[in-house]
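Residue numbers (my numbering), protein chains in the order written: chain A, 1 to 154; chain B, 155 to 281; chain C, 282 to 915.
In case anyone wonders, no lab produced these hints; they're calculated from the structure.
Mimicking EDC-like on lysine to aspartate or glutamate, the simulated pairs with C-alpha atoms at most 20 Å apart in a straight line are:
(1) 570(C) to 179(B)
(2) 513(C) to 13(A)
(3) 444(C) to 433(C)
(4) 302(C) to 399(C)
(5) 570(C) to 244(B)
(6) 550(C) to 8(A)
(7) 41(A) to 749(C)
(8) 513(C) to 453(C)
Being a predicted model, the structure only gives us computed values, none of them experimental.
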Amino acid sequence: MRLAEVPEGAEVEVLSVEESEITPRLRAVGVLPGVRIEVLKSAPMGDPKMYRIFNKVISLRNSEANLIEVQVSEDSPLPLTFVGPGDYKVEYIEGGKIARMNLASIGIVEGAVIRLLGDRRVQTDKGIYDVGFGKLSKVHVLPMKALFKADNAK
Amino acid sequence: MKSVTITLWIMLITSITIGIGYLFEDDVIFGIIIFIFSTVFLLGFRELGKPSYSYRIAHIYVGSILIAMTAGYILASFLFSLVNLIIGEEMMSLKISDMLLLLLGVYSSYNIYRLRKTAIRPEKKNN
Amino acid sequence: MVITVGLVGNPNVGKTSLFNKLVGARQYVANWPGVTVTRVEGATTYKEHTLHFIDLPGIYTLSATSIDERVARDFLLYTPPNVTVVIIDSLSPEQGIYLLLETLELNLNVIAVFNVIDEAKKNGIKIDKSSLETHLRVPVVLTSAHTGEGIEQLFETILATFKKTNRAKLLDYGPEIESKVSELENCFDDIYNKRFLALKLIEGDKFARELLKKDVDVSSILDGSASNLAVKIAKTRYDYALNVLNSAMRKNENVLTSMEAIDHVFTHKYIGIPIFFALMYLAFNFTFKASEPLVGLIEAGFQKLTDVIGSSTMLTSLISQGIINGVGSVISFIPSIFALFFALGIMEESGYLPRIAFLMDKAMYSLKLTGRSFMTLLLGFGCNVSSVMAARGLSDERERVTTILVSPFVSCSARIPVYLMIIGIAFPNHKAEAFFVMYLLSIALTALSARIINKVVMKGESIPLVMELPRYRFPSLSNVATYMWNRGKHFLQKAGTIILVASIIVWGLSYFPDPTNIENSFAAMIGKGLQFIFAPLGFQWQTVSALLFGGAAKEIIVSSFAQFYGGIENIVIDPVITATLMVFILGYIPCFATLAAIKSETNSLKYPIISVVYSLFISYVLALCVAVVGRMIL
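In isolation and in its complexed conformation, chain A is listed as follows (with noise of 0.2 Å):
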């Protein structure tokens, strides 16, 4: 997929970049192929957005983000409404103190085990729910079997 595309808090590995006017210069800066890249926080209206090369922040459009074609990394986290039905462990709640009430009250909270069921629907601990679009892109998670993997290589 393309940089712009990848929501924040993720990490990605770069695979390639087009050519063009300012690849000179993604590339001085770490853009390059194998490097991982975090993506941070976007503007006010989704444009631009900050990304993290090494240790330096760097601003990109999305048009520039675009020239960039990344596949996310295997320890990043990512929003429920990213990823296909499985069982995951729930890295980090983003929003306020409400949502987090609300969504603790249904089972999810930082630490626990769910799984995304393919109707989109959450079971938890507690049950099965209905998660609004809105509450789901809140909740980032790491893929179980990730974690399996890493576990086995220890």
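Start from chain A and add chains B and C according to the hints.
Just chains B and C now, kept in the frame of chain A:
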């Protein structure tokens, strides 16, 4: 954690009061500005659930900087207006809202000082 | 012995702070020839040597795709300094070392400086200096521009390195690339650093192509694999950099996320922009209202002086009305200009300025500009001169020129008395609405001009963002003071002379040939003579003469009107002509101070002339539209 909540409340209530004060004194724009800064503290309550320390105090830190700067602006305006005495014009008169703001400015500076000391100790990122 | 030292580095590494520490107040700000890029030089003596420092623009690479990069690269390529100091940010060294490796390819005498060492220590980062020196094969100095640590050592190292003749060994890029490099080296003349240029050619540097030997065709050598090779070259450098850092730097796993947390508020989805507007209001008020007493003091002083001298004879009139008035108006600018640059300096030093650009970039994109120029143009609402001068801080030449040319359309504070006067005459009951419309029009005209200038002068190229967001830091007052002083002094020198001369000319035109009756003055004659041009707009000769004087400075329009009509109360103009007049005044010509600033910032006469011609043209056209439409409606 508790001190964060208390500080947020103090800053929020005081700044709203000052804002209302300015509205009563017909300085609408300045009142709105103070209200914008109050919102910073208001939004700070949302962050209280988060596990990250720096996000929790960010609103107090930034809000205090904003209030301190505003108080500094009032102070500077006042001091510059003393020059008016030389040319026979009036100097700026400090109204109650102005003085409350200066006081809050002092407290804000204290907040900034206090928070900088604790934030200097590096913080772990996502365990 | 004079030693020239070039300072190179990424933006935001503290290069300017370091430069200030090395050179003190003995700085000289100019432009690189032919471009709007800032050139800062300074000198200092150390142990009987004179060190001449040149602060090059902040860059990420010597592959020149922008004018800033080209200027830095050309300086190092054609007129290499005796010693090159590459400044690297200890907290984000990777990109800095990349640049260092590129400068080593130029065969320069290099010292690597790791700056901000005090903050690195606070974050628990341990740097093994000798390991760095071994791997980078250049002398390494750890400095902190903030605390002064390492500065003495830097001086010593510069002196020691000056005498060195051997250069560090170069990176090996692997057989595939090295063989291409050898082939390409033959395509350059011997006077150049062939290896460097060959590498740059592979990396896609268009300026390197210009240096090829005549009639040489490199397309067969470069073919389609060039971009893959370019990636490989960059990767080799980064791999090397990361290896060096792995062995020489030890970080804790702790990473300060305080910057992210603060950005969470300043770039907050809902409150980020309101905070910005609030801060802007404070900054503007600080500049104009708070400094009002000081301005008042100065004006009162000059008023006293003029009263004492009087204006009975020609000489006294020249002195009091021409010279003192002129000088007085320049000096009364001083508090506002310095206060403006103080506020701007704080925003830049603290790191907030790029956040403003970040918030506003989307809005600026439709103007073919970037968020960086938003702040610059905003300053124009106070005084166009400051926005022309602040354009220095933009990092793209095209953006600088466009911003400079567009600045005069932002409705500066000098036009306010004029609007007040005119609105008072024709629209006394709709003052607020009329004002609002004027400001809206000003913004629309600025936006329109940005697009036109971009199409015509810049050939429609859009300007990329790719902007670094630096760490927040507590602004250092000495840096802010230096910044404020440099900018303010520049303004006084440039604008001061022009305004003074213009004042004298204005005085002359209205005094001669008949001091007693202004209707007989040269000014009136010129006004009457030119009136036919403005007849379609419905302007009387008094208006034309006043507008003429307004070219010197917009505020003069009011007093000129008063003089020509014998008092403002006597002026009667109908609403359509008033509206036409206001639209015309909006952008008919940048005031002389602004023109002087444009000339000195762009280093050429071409741009002020373009500015004058374009503004006259578009203002006339717009005013004509208003006149025609107005007549139809009423």
